[in-house]
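A.B. asks: Residue numbers (my numbering), protein chains in the order written: chain V, 1 to 473; chain D, 474 to 619.
Quick caveat, the hints were computed from the structure, so don't treat them as lab data. The structure presented is a predicted model; accordingly, all values stated were derived computationally and were not measured. Beta carbons are placed, not taken as given, at the ideal position from N, Cα and C, and that holds for glycine. Warning: the hint list may mix true and false statements.
[Unchecked claim] Here are the simulated distance ranges between beta carbons: (1) D/Ala491 with V/Gly217: 40 to 48 angstroms; (2) D/Glu570 with V/Gly421: 50 to 58 angstroms; (3) D/Lys606 with V/Leu244: 36 to 44 angstroms; (4) D/Lys606 with V/Pro248: 22 to 30 angstroms; (5) D/Gly524 with V/Glu216: 18 to 26 angstroms; (6) V/Asp266 with D/Glu569: 34 to 42 angstroms.
[Claimed, not checked] Stretch-level coverage of chain D by chain V, calculated; a stretch enters the list once three of its residues show a Cβ under 8 angstroms from a Cβ in chain V: (7) 511-522; (8) 592-599.
[Said to hold, decoys possible] Short derived list, chain D residues pointing at chain V, Cβ under 8 angstroms: (9) Ala491; (10) Asp561; (11) Thr579.
One-letter residues, chain by chain:
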Amino acid sequence: MDDQFFHGEFWAEEFAPSQLSQLVDRRAVELIELGLSQELQTAVAVMQPTSEGDTYEYVTGSHGLPHRATFCQYLRSFPEGERACHANDCRHYDRLRTLVGPDTEPYYPCHMYLADLAVPVRVGGRLVAVLFTGQRRLAKWEEQIRQRVAEVGQEVPGLSTATLKRHTRSIRPATSAALVELRDRLVDAAAQIQQFAEQRYNLWVAFNARERLIAEGTHELRAALQAALLEAEFLELYGSDVGLAPPPEIAEALERICGEIFRLRDRTLSRLLTARSRFSEAIPAREYKHQVHDLRLLLDECVRLYHGVARSRGITIGLEIRAAARLEFEFDWESIRLVVSNLLDNAVKYSYTDTYVKVIAARRDEWVVVSVENMGTGISPDELARVFERFYRARVRDAKRLIWGSGLGLTVAKEIVEAHGGRIWAESVPGGRPESAAGDLEGYKTTFHFTLPRRRKDEGVERGTPEGAVRRR
Amino acid sequence: MRELSEARPRVLFAEDEAERNRRVVDVLRLEGFEVDVASTVAECVSRLRAGRYDVVLYDIMMPLGDGETWEGIDPIDAGIALLTKWRDGELEGLPEELPVVVLTGTTRHREVLQTLGVAEYLEKPCGLREVVKAVRAAAAPREATP
């Protein structure tokens, strides 16, 4: 099956390691992982190989694993060609376990260090992710973990009981029969993820091929037109200088030929080039159901949704509404929710630990401005406009860090906001790290803003521009 | 100030598909220019070192050629690298000032070229009149001096 998708060196040429992260849709992986872990009452983690090759980075998992945990040489112990194996056979097991004993990470034991099973996800022979599961060895720390879970529950009132229960249940020791079942399910889940990755790869390749084809075609077209134009113009303008003066009918024909080529250049060719840089056609048309909703409720829902993920990475999300009245106006709930989710997802993903993500909603005349602010790797000025391009993913200043994503989220967000008559843009300014954060990485405050017209059913779109609305403070 | 060459202004036409564009050479000669052709970046560099030119008519999409390698530069598409290295003084023996008329079949380098201060930027397909006009304008300081 792999051969249908990948053709030898084609793979190696097409992909830089950092582009591998474009392959798997993180949300899809999260759903698979969540379903699997709930059904089997066990924790599952997904790790991705980093560009260094023998270290792995945490992507998602049912335990809040430490962000950016690295996992050394784990897979080297995998017998060649075997899809699943007992990860505890790993020769590094003992050393690794000492690094993450229950004392260092009492609530969030790195279960991949202690996993019973690990299943590699391969696309085209390349390892794109590893699924880990099983906590048999955690059993001996069960009491400590229960205690810690209870403590955390008191510390953080917002923590849902269901989450706590899931964590508690998941440390139940597994029997060997259950382990076999786990392995099979894990292999299934790996296959599903592989399928997602392959689809995404196909899409990616198709877009690339199309872009390249047009670019090459345009270049060839230019060169051929140039050669034809030179020959025709030479005869027309300089023929008499070299004893090749064309008779009047031919001179006229040559003039027409040149005219045609100039027209083609000035009209069609320039349009073709503009069309090439547009990407909206790549995204399927969306249907919008404009109804009156309270934006405040939507933001509240989105923020709640991301609380858990953010907290596991040491990030706090806050919501601030700068409006006296309710933010009721007409918009499409589902698509705007997607916009806010995409922005929050990015904000959490690109934040440093021990920072905050702030969601601010404000009324500006006839517009509502929503801003999502985070402190993290930032976006360089030349990338600010490009982040909305399809498949574009910002370079991460800390090169060791790979961040999972499709590169489509902001493109989709832009499309939706603009379809509502609003505008979306980004700002990123040096902002320093909070004192509690370690390391000497420079921090950037990055804010994504979008505007929506406050339109009611019986009204048209108000006059004025979204930009104007923001500046008029 | 550029030093002045002999009576006829000299043009270096850097173009990897010189045969396809031979009419440019014909016309420039008819218009009173002396024309040399370089079909690779390496050839272009050695001609610029050896002879005196008044204008370079330059195609951006050019191979490095002569089995040379420049670190980090794609040998198949090295045209823009010559201009940046030239500007940054990384290539010895090249004239400090020389008008460059760019003639290109791609828009890829449009923004970079703006920062390089080229005398004229022409996109293919481009008529002979436009080429002659641009080359003449670039060579004008020399022609103005008797």
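A.B. asks: Now look at each hint and say whether the structure bears it out.
C.D. replies: Here is what the structure says about each hint:
1. D/Ala491 with V/Gly217: 40 to 48 angstroms: violated, 23 angstroms
2. D/Glu570 with V/Gly421: 50 to 58 angstroms: holds, 52 angstroms
3. D/Lys606 with V/Leu244: 36 to 44 angstroms: Since D/Lys606 and V/Leu244 have Cβ atoms about 23 angstroms apart, the given range 36 to 44 angstroms is violated.
4. D/Lys606 with V/Pro248: 22 to 30 angstroms: Cβ of D/Lys606 to Cβ of V/Pro248: about 26 angstroms, so the range 22 to 30 angstroms holds.
5. D/Gly524 with V/Glu216: 18 to 26 angstroms: violated, 35 angstroms
6. V/Asp266 with D/Glu569: 34 to 42 angstroms: holds, 37 angstroms
7. 511-522: Not satisfied, violated; 0 residues make the cut.
8. 592-599: n = 4 at 8 angstroms, threshold three: holds.
9. Ala491: At 12 angstroms from the nearest chain V Cβ, D/Ala491 fails the 8 angstroms test, so the hint is violated.
10. Asp561: violated, 20 angstroms
11. Thr579: Holds. Min distance 6 angstroms.
Hint compliance for this structure: hints 1, 3, 5, 7, 9 and 10 are broken, all remaining hints hold.
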